[in-house]
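Engineer: Residue 37 in the UniProt record's numbering sits at position 37 of the sequence shown; the count goes up by one each step and never skips.
No false leads were slipped in.
What follows is a set of in silico ranges between Cβ atoms, one per label pair, in the way DEER data are often shown:
no., residue 1, residue 2, range
1, Asn-87, Ala-120, 33 to 41 Å
2, Glu-119, Asn-87, 25 to 33 Å
3, Leu-77, Thr-57, 17 to 25 Å
4, Asp-53, Asn-97, 16 to 24 Å
5, Tyr-110, Gly-49, 30 to 38 Å
6, Ala-54, Gly-74, 13 to 21 Å
7, Glu-119, Gly-49, 28 to 36 Å
Please keep in mind that the hints were generated in silico from the structure rather than gathered at the bench. Owing to the predicted nature of the structure, the values given are computational and were not obtained by experimental measurement. Built from N, CA and C at the ideal position, the CB exists for glycine as well.
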Amino acid sequence: MLFTSKVGLLTMTTLATLASVVNAQNNHVWIRSLASSPIEAMVSIFSTGGGNDAWFTLPANYDDPNQSEWHRTGWELVAFRNKTATNERVGFYKDFNATDTFVTFYSFDYVTFDLTNPEA
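Based on the provided sequences and hints, a complete structural model is requested.
Structural biologist: This is the structure we're talking about:
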């Protein structure tokens, strides 16, 4: 099925591509760890009602969405723990409403939240 507009002809593929670009810009939480020991993270599902709030081991970069990306909106808890010493933990309550957020865990005393990708 084709759609016409004043700027030209758009195909369903083009519309799907545009939709994926728009969706890729909002409500994603990207998390990585630059710590020397393995770190796990969990992101609550208070405002979404869906998703997974289990603990996941963090990668060192944002390259693989299956390992580093969560889809969240609104206020959520982001928690971190040492994978081998789970009594070491820290957490933050953060509003992820309508914006991408790039989180970097450095240590239990140093975690950053950026609105632009520090790897870009």
